[in-house]
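These protein sequence lines are chains V and B, in that order.
Letter by letter, the first sequence follows residues 1 to 404 of UniProt numbering.
Letter by letter, the second sequence follows residues 1 to 404 of UniProt numbering.
It is worth saying that the hints were derived from the structure and are not from the lab.
Do not rely on the hints blindly, as some may be mistaken.
Pairs count within a copy or across copies, as identical chains cannot be separated in the list.
[Unchecked claim] No more than 30 Å apart at the CA atoms, straight line, and that leaves these computed lysine-lysine pairs for BS3-like:
hint, residue 1, residue 2
1, K349, K253
2, K117, K192
3, K397, K152
4, K150, K253
5, K90, K150
Number of protein chains: 2
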Amino acid sequence: MRKPKVVVLGAGYGGIMTVVNLQKKLGVNEADITLVNNNDYHYQTTWLHENAAGTLHHDRSRIAIKDIIDRSKVDFVQDTVEQVVPEEKKVILKNGEVTYDYLVMALGFESETFGIKGLKEHAFSIANINAARQIKEHIEYQFATYSNMKEKKDELLTIIVGGAGFTGIEFVGELANRVPELCQEFDIAREKVKVICVEAAPMILPGFDPELVEYARNYLERKGIEFRIGTAIKECTTEGIIVGADDNVEEIKAGTVVWAAGVRGSAVVEGSGFEAMRGRVKVEPDLRAPGHDNVFIVGDSALIINEEINRPYPPTAQIAMQQGETCAHNLTVLIREQGNMETFTPDIKGTVCSLGHDDAIGTVFGRKLVGWQAAFMKKMIDNRALFLIGGPLLVIKKGKWNFL
Amino acid sequence: MRKPKVVVLGAGYGGIMTVVNLQKKLGVNEADITLVNNNDYHYQTTWLHENAAGTLHHDRSRIAIKDIIDRSKVDFVQDTVEQVVPEEKKVILKNGEVTYDYLVMALGFESETFGIKGLKEHAFSIANINAARQIKEHIEYQFATYSNMKEKKDELLTIIVGGAGFTGIEFVGELANRVPELCQEFDIAREKVKVICVEAAPMILPGFDPELVEYARNYLERKGIEFRIGTAIKECTTEGIIVGADDNVEEIKAGTVVWAAGVRGSAVVEGSGFEAMRGRVKVEPDLRAPGHDNVFIVGDSALIINEEINRPYPPTAQIAMQQGETCAHNLTVLIREQGNMETFTPDIKGTVCSLGHDDAIGTVFGRKLVGWQAAFMKKMIDNRALFLIGGPLLVIKKGKWNFL
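Pulled out of the complex, with its shape left as it was, chain V reads as follows:
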């Protein structure tokens, strides 16, 4: 009997957790598993803001796929997914194609610029390792250029962060720590540097407890971060951004603009004919795509409604990893033709938003935390994710142990 062929697209949190759990559950003779990813490494998306700020080396945030997969059970193909053709059970890659009996689409997120003019061209986005590394180098180059200028243009030292959601706040938190280091490295006075967080909504961190939000804002402002709340970005140019609307517009010049305000699912999802909203498919309770009994979608391209508030769950690492576990279980049931598929329900253990490596805010097991306790919990959450992906050795190798 031919072994069923499982193809997993993407080695982010959802894809890698599917593979890690599948290789534990299934014997060598039960299935052929193929993992397809554009890089030969998995990376911790939730750490990228640290790589972008320059507070953590990018090699700390990535893990070679060969070190995670069991190569007796899983084949790895390094290639970029261009399109899925469900009718033919095949995936078109940039340099070839693969066929499948069961498919897991875990293609991650893309930046969503909501049609704001110039953002795609002139703003950076903390999208992946390469992008984060470029942001780090860009900022350093601005500082070095400023130091070597005869007629100083102070705006080179301004960093604008678009969006005061989770990523935007975590990024400015890292910058608050990084800027004094940059000033020292490049002989620049701290007061010359501006970090401005621009947010269209009337508050920072929507959805967070107001008391925690207050703490975060005060803390970051004390560390020199400026907030422009209720301020919409109208356009991004080579010189900076234009905010406001109609007659009431203002230019803010900046050497660096980082857009951290919107994500969407993968364009491959729509390009392959799946019904989706901004690249997110409203999946069945067992995580399969509606109308496709052999295609699972996990991670940022899977849309799940939080019934309590009748709104989608945000795309988080925590949920993607849990989906990977459920997906692996359900695939095992299908392959063995025994047992029962599970319904996916997120188990939100907590949410912690870091404010640099030494402070944070969050809710963990229903308890509000700020300060070093929250920062400690954040590192424990980061280490737990590593543990689930690669076991204790990975936690020792790449984990965060820089406690206060």
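Starting from the known structure of chain V, arrange chain B on it as the hints suggest.
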């Protein structure tokens, strides 16, 4: 009786050696000594190519002036020299002015682009700490940008070095070591990166022993450096350079162009009415400017003829430092109105050109050296310069001890 006022302009090799020797020779009551410099640090100009390549941190190449001068004897003014007015015995600074009885002009070199179109605007020059640091960051940013490009433009990874003289060769030597590190850091294949040294003359390292030149070229070519000898740069653009002449021109695209082919003396020298050729004044044997019995000129702005070949000595750190010693002696004679002024004669102990930190070529005390012996001698020369400036503690702190 009023103490004579000595003003030293510039804290490069010539200026700092003048001050260090003056403060040893003169008592607190014999003279008021003022050192003027645009930075609050001295830097090792001969190490800047390492800072620019990224093989040595710029803080290793600079020394705080307060750590060198004896503050009971020397006042330090951080300011930029704009003009000297010999008739009024005063120096106009950007933010003030100082008067003198005796003046030492040690204003260093500037880049000379020989009127080649676009060089000033689009090429970097290894001119000082700030410029070197910018080159390092620029190269890293090119690599990071390349990694994050969808449609790869390989020319971003091309580094053109204009000039195969001493500085150009030492710089490509460092790049030969640095490029593999950059490739590792930014996930780029080594063969994608080109380092091209372009030289108008028919040979590299003019004036060096042909056997040593042959060794250097073979060594560097083996490490992946390309040479375009007998090739004149016609123009530098935002995209790279144009070489050749008339109908026979060729464009070489590059993300980075560093001009390392020409230096001249300080423009302040000419701007202050001294007769000079490219900022260099043919000084009297006692190092005074012709017609000025209270103005000394040392370092790169002082022109001295090598009678043996009837050509000027090249502007080197070795000569500048020796001039500082002679200048301090002659000033002491003038101030005390006793003893005899010395005639300056360069004492060329040797010349070593590094090819990265682990190889070099040179002639020391008349002996030709290559390989690790030459690299070792180069480090000893660097350490000796530190010793002369700041004594044994400085050598321990900033010296080069990374022997093979």
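### Message
At most 30 Å between CA atoms: does that hold for K117 and K192 within a copy, between copies, both, or neither?
### Response
within (28 Å within a copy, 34 Å between copies)
### 30 Å Cα threshold - placement of K150 relative to K90
Answer is between: at 24 Å across copies they meet the 30 Å cutoff, but 59 Å inside does not.
### Query
Are the CA atoms of K150 and K253 at most 30 Å apart within a copy, between copies, both, or neither?
both (19 Å within a copy, 27 Å between copies)
### Task
With 30 Å as the alpha-carbon cut-off, assign the pair K349 and K253 to within, between, both or neither.
neither (41 Å within a copy, 54 Å between copies)
### Task
Can you give me the call for K397 and K152, within, between, both or neither, at a CA distance of at most 30 Å?
Classified as neither; 43 Å inside a copy, 33 Å across copies.
Of the numbered hints listed earlier, those contradicted by the structure are 1, 3.
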